[in-house]
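Number of protein chains: 2
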Amino acid sequence: MSSRAAARLARVAGHISASASSSSTTTSSSTSSTARRMAPTRKHKVAIIGSGNWGSAIAKILAENTTAHPHLFESEVRMWVFEEDYQLPSSHKGYDASKHSQPRKLSSLINELHENVKYLPNIALPPNVVADPSILSAVKDASLLIFNVPHQFVSKICDQIHGHIVPYARAVSCIKGVDVSSDGISLFSDVIGRKLGIYCGALSGANIANEVAEEKFCETTIAYDPPGTLTPCPEEFPVIDHSLWKHLFHRPYFHVSMIHDVAGTSLGGALKNVIAIGAGFVDGMGWGDNAKAAIMRVGILEMRKFGLMFFDSCKSETFTEESCGVADLITSCAGGRNHKCAKLSVEQGRPIEEIEAEVLNGQKLQGTLTAMEVNEFLKARGKEKEFPLMTAVHKILIREASVEDIPHLLD
Amino acid sequence: MSSRAAARLARVAGHISASASSSSTTTSSSTSSTARRMAPTRKHKVAIIGSGNWGSAIAKILAENTTAHPHLFESEVRMWVFEEDYQLPSSHKGYDASKHSQPRKLSSLINELHENVKYLPNIALPPNVVADPSILSAVKDASLLIFNVPHQFVSKICDQIHGHIVPYARAVSCIKGVDVSSDGISLFSDVIGRKLGIYCGALSGANIANEVAEEKFCETTIAYDPPGTLTPCPEEFPVIDHSLWKHLFHRPYFHVSMIHDVAGTSLGGALKNVIAIGAGFVDGMGWGDNAKAAIMRVGILEMRKFGLMFFDSCKSETFTEESCGVADLITSCAGGRNHKCAKLSVEQGRPIEEIEAEVLNGQKLQGTLTAMEVNEFLKARGKEKEFPLMTAVHKILIREASVEDIPHLLD
Numbered sequence: 001m002s003s004r005a006a007a008r009l010a011r012v013a014g015h016i017s018a019s020a021s022s023s024s025t026t027t028s029s030s031t032s033s034t035a036r037r038m039a040p041t042r043k044h045k046v047a048i049i050g051s052g053n054w055g056s057a058i059a060k061i062l063a064e065n066t067t068a069h070p071h072l073f074e075s076e077v078r079m080w081v082f083e084e085d086y087q088l089p090s091s092h093k094g095y096d097a098s099k100h101s102q103p104r105k106l107s108s109l110i111n112e113l114h115e116n117v118k119y120l121p122n123i124a125l126p127p128n129v130v131a132d133p134s135i136l137s138a139v140k141d142a143s144l145l146i147f148n149v150p151h152q153f154v155s156k157i158c159d160q161i162h163g164h165i166v167p168y169a170r171a172v173s174c175i176k177g178v179d180v181s182s183d184g185i186s187l188f189s190d191v192i193g194r195k196l197g198i199y200c201g202a203l204s205g206a207n208i209a210n211e212v213a214e215e216k217f218c219e220t221t222i223a224y225d226p227p228g229t230l231t232p233c234p235e236e237f238p239v240i241d242h243s244l245w246k247h248l249f250h251r252p253y254f255h256v257s258m259i260h261d262v263a264g265t266s267l268g269g270a271l272k273n274v275i276a277i278g279a280g281f282v283d284g285m286g287w288g289d290n291a292k293a294a295i296m297r298v299g300i301l302e303m304r305k306f307g308l309m310f311f312d313s314c315k316s317e318t319f320t321e322e323s324c325g326v327a328d329l330i331t332s333c334a335g336g337r338n339h340k341c342a343k344l345s346v347e348q349g350r351p352i353e354e355i356e357a358e359v360l361n362g363q364k365l366q367g368t369l370t371a372m373e374v375n376e377f378l379k380a381r382g383k384e385k386e387f388p389l390m391t392a393v394h395k396i397l398i399r400e401a402s403v404e405d406i407p408h409l410l411d
Numbered sequence: 001m002s003s004r005a006a007a008r009l010a011r012v013a014g015h016i017s018a019s020a021s022s023s024s025t026t027t028s029s030s031t032s033s034t035a036r037r038m039a040p041t042r043k044h045k046v047a048i049i050g051s052g053n054w055g056s057a058i059a060k061i062l063a064e065n066t067t068a069h070p071h072l073f074e075s076e077v078r079m080w081v082f083e084e085d086y087q088l089p090s091s092h093k094g095y096d097a098s099k100h101s102q103p104r105k106l107s108s109l110i111n112e113l114h115e116n117v118k119y120l121p122n123i124a125l126p127p128n129v130v131a132d133p134s135i136l137s138a139v140k141d142a143s144l145l146i147f148n149v150p151h152q153f154v155s156k157i158c159d160q161i162h163g164h165i166v167p168y169a170r171a172v173s174c175i176k177g178v179d180v181s182s183d184g185i186s187l188f189s190d191v192i193g194r195k196l197g198i199y200c201g202a203l204s205g206a207n208i209a210n211e212v213a214e215e216k217f218c219e220t221t222i223a224y225d226p227p228g229t230l231t232p233c234p235e236e237f238p239v240i241d242h243s244l245w246k247h248l249f250h251r252p253y254f255h256v257s258m259i260h261d262v263a264g265t266s267l268g269g270a271l272k273n274v275i276a277i278g279a280g281f282v283d284g285m286g287w288g289d290n291a292k293a294a295i296m297r298v299g300i301l302e303m304r305k306f307g308l309m310f311f312d313s314c315k316s317e318t319f320t321e322e323s324c325g326v327a328d329l330i331t332s333c334a335g336g337r338n339h340k341c342a343k344l345s346v347e348q349g350r351p352i353e354e355i356e357a358e359v360l361n362g363q364k365l366q367g368t369l370t371a372m373e374v375n376e377f378l379k380a381r382g383k384e385k386e387f388p389l390m391t392a393v394h395k396i397l398i399r400e401a402s403v404e405d406i407p408h409l410l411d
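In order, the protein sequence lines correspond to chains E and D. Mapping the first sequence onto UniProt numbering, position 182 (from 1) lands on 182, and the numbers just tick up by one. Mapping the second sequence onto UniProt numbering, position 371 (from 1) lands on 371, and the numbers just tick up by one.
Treat the hints loosely; a few may be bogus.
Since the list gives no way to pick out one identical chain from another, each pair is judged satisfied if it fits inside one copy or across any two copies.
When the alpha-carbon atoms are kept at most 20 Å apart in a straight line, the in silico DMTMM-like pairs for lysine to aspartate or glutamate are as follows [unchecked claim]:
#, residue 1, residue 2
1, LYS246, ASP411
2, LYS216, GLU347
3, LYS340, GLU353
4, LYS305, GLU317
No wet-lab data here; the hints were simulated from the structure. Remember, predicted model here, so these are calculated numbers, not experimental data.
Isolated chain E, as found in the complex (with noise of 0.2 Å):
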């Protein structure tokens, strides 16, 4: 079947579940055949794809979950990673001049200390995380993938890994955003599902990873919506339903919405960034909270808009209700380098380029690649016009429009 047809079928899949469900955060329909199935005898294996500081955040929750529902998982969460010499400081509490005096491969530092030290450090990983530096091992027999890897890596990765996983897996990315060109837009989980021949959902929220692993409180979102067309599960497993995975990703500190809107939830966590330069800018004239909080609003209305006329399957309320729309952009017009970027740009009456440069120390701005991304997409298309604030923000940065023509370009 070709991509285009398992994604239509995804949607009418999505759509019989929304309907037949009073609430988008109920599990999902197929929880209802739970009584025809047998008992389960066999247990889910967790591989987590990536050993970042959000991968590792990660991996700390499914392996608490893991220990919490041990009779849905294997107890063990295999993290992948990828490979690298590491000289532990001699400061860290671990240290040991025995054993820490040369550089030592991070995955044995991870398995010894329990902490990836490289990319998380001073956070506590549960025993049950079990760094494999192999990521054929890692993922082997793993009913459940997160991924969790830089996009730029995904393809080559499931290259790699494809005829390696079992048939029945089911996958949920937690790479955050799209893929924007003139051609179109392409999802993380999509080009994962394809090229693993399996199904794959996306977690996005409000979340930035050294919060979530201090376990302050914040929330997110899960989409997860597959064909009727999949490698069915061996029925010894428990079923793999919005239920199953809001147990492997909820805690107490992390709190877990599960959605259908599998294009929704990814679209929110790369739009919210042209909006975020937008607020910045306002916030930068010094107009005021309430100019900001307008900017925003018609953000979100902008970014539903986006979803609802390129995507079938997207929902008005992922974007104005869930953590991976509204809460994702309150955070980013609040704390966020492309608001701090764009706000200091306007104060200091200088190109962004400069500011980004400055402050990022040669990282650059998701934002301002976003809003050239989204333009050439909407302009291919001919609806720049329907989209006033994402296209005044993409003029501002080509200095077509300036900050103060923001009230009447919106009017």
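Please arrange chain D on chain E, whose structure you already have, making use of the hints.
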């Protein structure tokens, strides 16, 4: 007709026009009748009742728009001023010792200097704002009445002008919030409409009087949904519909969205203060922007649930999409006094009443009062548990819960 019956009619009218139009921001369905009417030969006379800082800022807008749309409105905007003596400071740029050495009537100073020197200093009012110390003279022959007085005076003022307004007048209340008690919830717009035997809509949004007066960009929401049973406005006048109100209030710096949901528009302005206290608590804990965004997201949904549960006419999108909902909440959680006092209370480990006394110079926090009133209202109906965030805020305020409990209470 009883006010209850009138309200029911208003709701029905609202539902019909809402479902007949494709978007909540289109003009009212009554516009379609314009074609069948003769061309208007008379213009609307506008009066504003109230001249505090918000009243004066709104008077400025009204007067700018009566000038901008001379085919719809008479130029002069009468502004009722609660008369008092005021000593113009000698530092005022218009000070003239021969005229201002003694205290003068505020209304006379406003008309001489075209500035509300006491309540909105340093903002030029258009000369067609005419201050009037007689409320009966101010409202005489006015077909459009704008109410902008402290809420505790609404009832008495309506008693004063009852019988002295034209029977076909229509009104909009700019008074923020609602009256909540264990008995029920009353909308100021309903009180005005009932007492005067006319219809009154509501304006609310993420607005601060001084910022609006300084023409800093912001948005607002006007809800207007009259029943079909009113004394008709004579055909010589332009039709009083969404389009007309938008012409009266919309400015390049003050964007107006017209909707039908008066109850939702009014509720947002009250309930947001309870949520802002919750957000302040979480900020005080130092849990970061994502925890705060989670509280705000849950808050929007509880405000919406409250509206839908207790008002048939409420619409979901009033809370999730309008300035009077999500945007006003964002502003209140960013820099409002409820948020600020709650944050300081946690940071300093002191009761919020102490902070309130210290920071507000004897003024009272709206949010603590509303939290208590809303709790009484919910408790009387056995609905406390369905609003875990509002209930948590109340319990923390009365020391029956602590801020650390919030994630658990929302789980």
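Hint by hint, here is what the structure shows:
1. LYS246 / ASP411: Answer is between; shortest inter-copy Cα gap is 12 Å, intra-copy 42 Å.
2. LYS216 / GLU347: between (32 Å within a copy, 16 Å between copies)
3. LYS340 / GLU353: within (12 Å within a copy, 34 Å between copies)
4. LYS305 / GLU317: both (11 Å within a copy, 14 Å between copies)
Every hint from the earlier list agrees with this structure, and none is contradicted.
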